[in-house]
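Engineer: First to last, the sequence lines map onto chains Y and X.
Mapping of the first sequence onto this note's numbering: position 8 corresponds to residue 9, and the numbering continues sequentially without gaps.
Mapping of the second sequence onto this note's numbering: position 188 corresponds to residue 485, and the numbering continues sequentially without gaps.
Please keep in mind that the hints were generated in silico from the structure rather than gathered at the bench.
Nothing here was measured: the structure is a model prediction, and the numbers come from that model.
Heads up, the beta-carbon is just placed ideally off N, CA and C, and yes, glycines get one too.
Hints may be right or wrong, so weigh each one.
[Unchecked claim] Which residues of chain X face chain Y? A partial, calculated answer using Cβ under 10 Å:
| no. | residue |
| --- | --- |
| 1 | Lys358 |
| 2 | Arg362 |
| 3 | Tyr364 |
| 4 | Leu366 |
| 5 | Gly378 |
| 6 | Ser382 |
| 7 | Val479 |
| 8 | Cys482 |
Each chain, written out:
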Amino acid sequence: MTSPVLGSQDTCSKCGASLSATLRHCPTCQTDAGAPNVRHCRTEGNLKALKARFDDAQSRASAKGCLKEFGDLEATIKNKSSVVVSMTAGMAKNLFENPNVLYTNYEQLVGANARKPAGPDNDRHRCAVGGLLFGSYANLIRYGALSLTKEGLPTYGDVHCRLRSVTIDKRTSFLETNSYRFVSDHKIVAGVKLPAGYMACWEYRYHLVLAKLADSLLVEQTESDWQEILIQSDGKDRKNDSFVEAHIYEGFDRNAIESLVTATGKKLSKSEKLDLDLAMNEFKRLGGKTK
Amino acid sequence: MIGISSSSAGVLLLPKPGTSEYTVLDVVGGRKQDPVEAQYLYSAAQDWEEIEGTDAKVLLKTATREYWLKRTVSLLRLAIGGLESSLEKRVFEEVEEILGPRVSSEKIIDRLLVAPLADPRSPLTSAKSALSYGFSAVASILDELAELQPLLHRLTDLWLSIDETLFSNFPESRETIWLTLVEKCGIKQLLKTDSGYKFTNKWNLLAFNFPSPKSRSGVSKIGKELSLQLFPGEKQEIITVSSMEEAEPTPRDEKDPVMRSREVYERVKKEIAAISKAVSEGHNTKAERFLRQLIQRQTSFSGGERYAVKSLCSIAQYCADMFRMDFEAICLDKARQLYTLDAWALIQYGDHLKRIGNYDDALEAFEKAGQLGAGVVAKSSVADVYSQQGDYAKAILTYKAIPSFHEYPRVLTAIADNLRKMGCMEDAQEAYRELLDFANQGLPGFVESKIRAQAGLAEIAKREGKLEEASQSYYEIIAREDIGDQDKLIYKLGLINILKLMEKFNDAYIIVDEVVQQYPFAMEARFIRGSILGLIGREIDGLKDLPESRGPLSWREWTKCYYRGLLLFKLKRYPDAKKNLVEELPKAIASGEEKGILRMAAALWFLREGETTEADGILSEIPDLHDCHTQYLSLVLKLHSATYREDIAVMHSLKKQIAEFKVVDAGLEKAVEALEKKDFSLALTYETDAFLKLAA
Chain Y
2 MTSPVLGSQD TCSKCGASLS ATLRHCPTCQ TDAGAPNVRH CRTEGNLKAL
52 KARFDDAQSR ASAKGCLKEF GDLEATIKNK SSVVVSMTAG MAKNLFENPN
102 VLYTNYEQLV GANARKPAGP DNDRHRCAVG GLLFGSYANL IRYGALSLTK
152 EGLPTYGDVH CRLRSVTIDK RTSFLETNSY RFVSDHKIVA GVKLPAGYMA
202 CWEYRYHLVL AKLADSLLVE QTESDWQEIL IQSDGKDRKN DSFVEAHIYE
252 GFDRNAIESL VTATGKKLSK SEKLDLDLAM NEFKRLGGKT K
Chain X
298 MIGISSSSAG VLLLPKPGTS EYTVLDVVGG RKQDPVEAQY LYSAAQDWEE
348 IEGTDAKVLL KTATREYWLK RTVSLLRLAI GGLESSLEKR VFEEVEEILG
398 PRVSSEKIID RLLVAPLADP RSPLTSAKSA LSYGFSAVAS ILDELAELQP
448 LLHRLTDLWL SIDETLFSNF PESRETIWLT LVEKCGIKQL LKTDSGYKFT
498 NKWNLLAFNF PSPKSRSGVS KIGKELSLQL FPGEKQEIIT VSSMEEAEPT
548 PRDEKDPVMR SREVYERVKK EIAAISKAVS EGHNTKAERF LRQLIQRQTS
598 FSGGERYAVK SLCSIAQYCA DMFRMDFEAI CLDKARQLYT LDAWALIQYG
648 DHLKRIGNYD DALEAFEKAG QLGAGVVAKS SVADVYSQQG DYAKAILTYK
698 AIPSFHEYPR VLTAIADNLR KMGCMEDAQE AYRELLDFAN QGLPGFVESK
748 IRAQAGLAEI AKREGKLEEA SQSYYEIIAR EDIGDQDKLI YKLGLINILK
798 LMEKFNDAYI IVDEVVQQYP FAMEARFIRG SILGLIGREI DGLKDLPESR
848 GPLSWREWTK CYYRGLLLFK LKRYPDAKKN LVEELPKAIA SGEEKGILRM
898 AAALWFLREG ETTEADGILS EIPDLHDCHT QYLSLVLKLH SATYREDIAV
948 MHSLKKQIAE FKVVDAGLEK AVEALEKKDF SLALTYETDA FLKLAA
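Taking the hints into account, I'd like the entire structure generated from these sequences.
Structural biologist: Now the structure itself:
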């Protein structure tokens, strides 16, 4: 798999050793260098390219008299957007299980990771696209969509989980569109450098959104209009779905969930409905206990 | 081949050959998933695990099995943690549906035993709820989980206190070993071991899950340590994995299938015995729970229904022997539900219906069994229905309607038996002797019938008063070594009845007591023992073998009421005696001569009350009696009534008939003498004993 190209300034802030583009920790002193996907977004080249695209978008918005809407959207993205992850009802139910409450000595007996994980040589769920974008840590990326509401990708999954930004902001990056489309549009193959300016870390996500959506802005648009253009899916060919894809490095637990909503218009089986109700029940029960 | 699965997502990733990509399969439906959608839906799953298999089909099967197991465990944990009632009920319903076809309760319990519960009694509340909704399988699991908590606590406390140095020589962590134990090695069975030896043996199976000899040896040593702590003071025969490997390096998976089958068979036998014991002790709930567990286990694999049906039929037979018709019905109903096409289970079911007097349904069941291929047996069973109803002629016609019936020794024997019951003694003797001839000629299949024919001739001899000859025949039969235990039981009972008539009560008692010890579920033997105890002056002890009846009686169960009534009569508890001898009479499923005996016993009660009209009425309804002892007693009772009424003519006639009897019965002779002296009380004593001696 191809690794993203390292910037020359990608060195450990503690010991000065060169950091691996795919590892979180410094290989020399093990200092936490931050999630590799976020580090990539913070390279000078990417930040500069992204800013340039943002400035250009702002100009175009101004030219068509939508500067106010441009500013409003920027504020909305900064204040109201977060990541929504879609999942099956079964996964949602499992997310809320907490064996530590039911059992005594649970962690002492089974350890923090209760399961035997897939070995390092077998990348979970790797697909060509993920590999092209993230190289060897593709299996550590959880996918979601940037959203202004509690809903995520329509027609995906049974449940939408909106995550608390404080639990993911340091380890989440964004891609301007869905990764399949991105790879196709930019003709990315193994060994080719990823184009700069199309990925953003948390604090610059609004750059990415506005660079993408400026041309779709219209006068007097409101938040609900923007949600519709932020996430678009016709449910026919998923590769054509348009949304700002979120990449969360490593997983999250029940405490990261801000809201849990059922996907609209979805016909659930009896078992799925049960799982959903159980997940909702547990979520409500924990409602006051999230950290 | 290695796949990656997530039980929470219910998906399996299968590697695409020649690429580093995966096909995504939904394990529930086995369908391929859109890879684009899969990326977004399943990336958040955190329980990915590698699984190995020879091909994709095997991987899918493994992933699916694991999915359902984890799902069930997850649902039960949520229930134990506490849910509001409507949600709880839905969870139980889902689990109950999954159990059996997809997942075994044994494995679920193992997984739930991953750690001790914070509140060890918490499953009991859920169990109670589950039972109230009718989800008995779920309730059973939760019950057992609660039961095992103390043992689990003990084991985990010891486990966590094991010195870390014991884990230092091999790579697997303490947690990994514990998880492997829970997931692969039957922790429940480990908890239930009752000796160090058994614990170590079971533990060592765990070791074979680890790849290197060093790991296996290390795990084995830990097991030794645990065993010493769990069973202190026990002389440990320490078997380590390394010594097992040196002696016979047989990997766990290559265990001899014959051995494995044998183990399974022995285990099931024990379980059947446990269930039967629980039924015999009246522990119905326990019996039902054990039964559910056995059936769940046996039906947890493909094709297991047949074994479950066999188990159910075995248990049903025990219940029939115990006259526990209720539990017999439960077992047979379940067997029929599991596998509706089992002809033999239908035959057994029909036999059950016949014994409870439900003749129409019995005939219907036999007809169905016949359609399923159990032709001769089904038709014979139909004939048995007529025989039990006392319509011996129709029974014989039905036997003879079986194509080539003369080639079936059992059918010929049944015809002979029915001739005997009809009172056609000469024809019956001829039929039995023909069977003996066939057997002596070495005709295949007739050897067993030879013994039945000998027994049949012995019964005729008994009825003719030739007790010495009859008992000798039975002694010869019992001495044979080529008879199965179950058949020997029947012949022993036959001998005991003759010894009773011969007034060899001690000999009879020794044999029947032995039979009861050997066959604790054979209630008929207990009834007979009760009658003998009554004959030797131990009426109170006898009553213990003849408990009060609850619910409707089945065929042959009338002997219990009959003997009980007679013992109560001897104890002068006349109202209770009336209940058993008079009130139960209409309910008795008996026919022919048996019915005659019951009527006579009812008449005895009325005679004691001086109600001769009633007694005479009953005695006049008695059908032809073919047994000389029964005939003799009938005459004595009539004499009793006539004497009471001072009907001289009838008395004279009856005395003449009695005098012509060639049968010697000291007790009835004394009864007649007592009647001469108008000592009705003494006469009743001898008459009562005569009833007790009568063969059932």
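Engineer: Hint by hint, say whether it matches the structure.
Structural biologist: Tested hints:
Hint status for lysine 358/X: violated, given a least beta-carbon distance of 19 Å to chain Y, over 10 Å. Taking 10 Å as the C-beta cut-off, the interface hint given for arginine 362/X is violated, the closest approach to chain Y being about 16 Å. Nearest Cβ of chain Y to the Cβ of tyrosine 364/X: about 9 Å, under the 10 Å cut. The hint holds. At its closest, the beta carbon of leucine 366/X sits 13 Å from a beta carbon of chain Y; the interface hint therefore is violated under the 10 Å criterion.
At its closest, the beta carbon of glycine 378/X sits 5 Å from a beta carbon of chain Y; the interface hint therefore holds under the 10 Å criterion. Annotation: interface hint on serine 382/X violated; nearest CB of chain Y at approximately 12 Å, more than 10 Å. The closest approach between the C-beta of valine 479/X and any C-beta of chain Y is roughly 8 Å, which is under the 10 Å cut-off, so the hint is satisfied. The criterion of a C-beta within 10 Å of any C-beta in chain Y is not met by cysteine 482/X, whose closest approach is roughly 15 Å, and the hint is violated.
Consistency with the previously given hints fails for numbers 1, 2, 4, 6, 8, ordered from lowest to highest.
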